[in-house]
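J.: In case you want the letters, here they are:
2 protein chains.
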Amino acid sequence: MKIVQIELGQRSYPIYIGASVISDPALYRKHIKGRQVLVVTNDTVAPLYLDKVLQQLEGYQAVSVILPDGEQFKNLEVLNQIFDACLLNKFGRNATLIALGGGVTGDMGGFAAACYQRGIPFIQVPTTLLAQVDSSVGGKTGVNHPLGKNMIGAFYQPQCVLADTLVLGSLDKRQLSAGLAEVIKYGLIRDLEFFTWLEVNIQHVLDKDQEALAYVIERSCRNKAEVVEEDETEASVRATLNLGHTFGHAIETGAGYGEILHGEAVAIGLCLAADLSRRMGWLANNDVDRIIMLCKRANLPVIPPKNLTSDQLIQLMSVDKKNMDGEIRLILLKNIGCATLPIGVDPKLLHSTLENYNH
Amino acid sequence: MKIVQIELGQRSYPIYIGASVISDPALYRKHIKGRQVLVVTNDTVAPLYLDKVLQQLEGYQAVSVILPDGEQFKNLEVLNQIFDACLLNKFGRNATLIALGGGVTGDMGGFAAACYQRGIPFIQVPTTLLAQVDSSVGGKTGVNHPLGKNMIGAFYQPQCVLADTLVLGSLDKRQLSAGLAEVIKYGLIRDLEFFTWLEVNIQHVLDKDQEALAYVIERSCRNKAEVVEEDETEASVRATLNLGHTFGHAIETGAGYGEILHGEAVAIGLCLAADLSRRMGWLANNDVDRIIMLCKRANLPVIPPKNLTSDQLIQLMSVDKKNMDGEIRLILLKNIGCATLPIGVDPKLLHSTLENYNH
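Heads up: the sequence lines are chains A and B, in that order.
Residue 359, in this note's numbering, is where the first sequence stops; the numbers in between run on with no holes.
Residue 359, in this note's numbering, is where the second sequence stops; the numbers in between run on with no holes.
Rather than coming from a laboratory, the hints here were simulated on the basis of the structure.
Keep in mind that the hints are not guaranteed to be accurate.
For identical chains, the list gives no copy identity; a pair is met inside one copy or between any two copies.
For lysine-lysine, the following DSS-like pairs were computed, each having C-alpha atoms within a straight-line distance of at most 27 Å [to be verified]:
| # | residue 1 | residue 2 |
| --- | --- | --- |
| 1 | K2 | K348 |
| 2 | K306 | K90 |
| 3 | K90 | K52 |
| 4 | K348 | K334 |
| 5 | K296 | K30 |
| 6 | K90 | K348 |
| 7 | K33 | K334 |
| 8 | K173 | K334 |
| 9 | K296 | K173 |
| 10 | K306 | K30 |
| 11 | K334 | K208 |
| 12 | K296 | K334 |
| 13 | K33 | K52 |
| 14 | K296 | K306 |
| 15 | K90 | K2 |
| 16 | K334 | K2 |
| 17 | K33 | K348 |
| 18 | K2 | K173 |
| 19 | K30 | K90 |
Keep in mind the model is a prediction, meaning the values are calculated, not measured.
The whole structure should be built from the sequences, with the hints applied where relevant.
T.: Take a look at the structure:
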């Protein structure tokens, strides 16, 4: 078992990475303070792992709530089902919430924990590669609004994260690839060596080699941890983690939540950001090609869905959280391994990038 | 103008108290960072003060959203109207939210600010005595759930508070009295001198003497500030601010939100807590009488509505946030001016207190 410690003062916590970490009752006991536990999961994950988690919680008053699976259910209405379960079971402020599932479950479970009685402890048990390498670190929680993704939420840190590599055995290929988009992103924004490692080893990861998976999760979490430790609330450098995400969120919203996976939208966003970085005169043609090639080898899409026009995408990008006083601001690349802070871009260049891929 | 500074490290902020502070554009300019401003208010306050506030915001992109007035509208659905307004106007993370209204508006505006894009700055402009002396300090924000009051929320501090004593001129007598319940509470939990001052001067306050009002607001805010500065997230002594509130919340929920004012329910709760404190052997009969008498002179109710049975109230009290692992815990009084931390109470004594007032 590997442990990545996230250092955030009083809000520090460990990420346990390895085979079968979700089946170790000692890890739960160490991080649960009270007697009441609510396991929040979804209807895809519940049949696979809910019983296994509940078995580790003998002696606790453990209750579960099973949400419908999918980004389209990440909203205030479904969130309320978690509050219902807490209140119907008379859960107090020392109850612990365990979020068992992918990114959507983690975001909603974490946000519910942040808001229930103004904050109760929670434990993340991410069951997708995306959630293990992304939402494990940084405490971003929240739900979507019909007019924008992740627009309602909180910064809220878990007590610990259990990232089980064996659990990824049940993950389908499309979901595994979606996770790799965020992994590739860490290489792009700050870790050229990791990007090069991925170019060499991507097939081992796709084959779910346990050692390769554990390495990818650990290195991704460490990269993200270093960024978040420096800037917990995204005042500056944390924004670089959003490389590809402004495009990605617009693509997700435009396509309708649930039509395209978050990681897939991010992969398209990475390629668009690379193209725009080239047009800014920063990234070499060859580097853009390497990025597109690695995404393709990871079985990720690299161009936006045909039915979304450039104008639609720009309209959707205009509500991004990084924008200031209405101006679209983006993270771009100076080089592979070196991202910019959010900057305003020439609308003509942005339009050229989007048009280029729409034909 | 008096200024009470709330010292919470990086989250410190001033409360400006006095006549016409809401009409001073310099106070707004000092605390608004970006250009976008959303004024959240309700349909009672809007006709009285919205224009006045908007007049001070010349040069900003100021937008307003008018919510229905009343505790029964303090829920996730109405909260969403604030997010709609933010997103329809493409408000970014540096937009400022101004909450103009009573406690409900402040709680909802503050919670919306806490959650929108995971947190934007906000300014409180409380227009009731209750909001000026209570929600001005401490950063408690949130909404109700059908199964419990204030069950969904966040701790979130404003940039500043504008507590205008002239605004109280338009407050009806019942609302003014409701505010006095929280004022009396500060005397009870930690300030015997203030309690005695109130016994002497209550009529001046009811007559809306400007000096008496400013004194009451300042002393209440200072009392609350000292408690909150010591314990921001209610790990210990902050819980004493909940004297009377466990009873009060149960009475509000049982009567149906909006039927009885929060302050009225708290006044009943103060009297029930006093009675129970006497049964615990702490408070003298004479002190209980002084408390009931002061509440009556402030035109506040002192016994629960007849239609609520003791069993109903106990059931409703069982979901209070102070409870641990299902046990009801209350703040009680050792003396006037000295409250206990939350303690479990003998269910028989609790029952006796409730039965006593139901006959």
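J.: Any hints this thing doesn't respect? Which numbers, in order?
T.: 1, 5, 7, 8, 10, 11, 15, 16, 17
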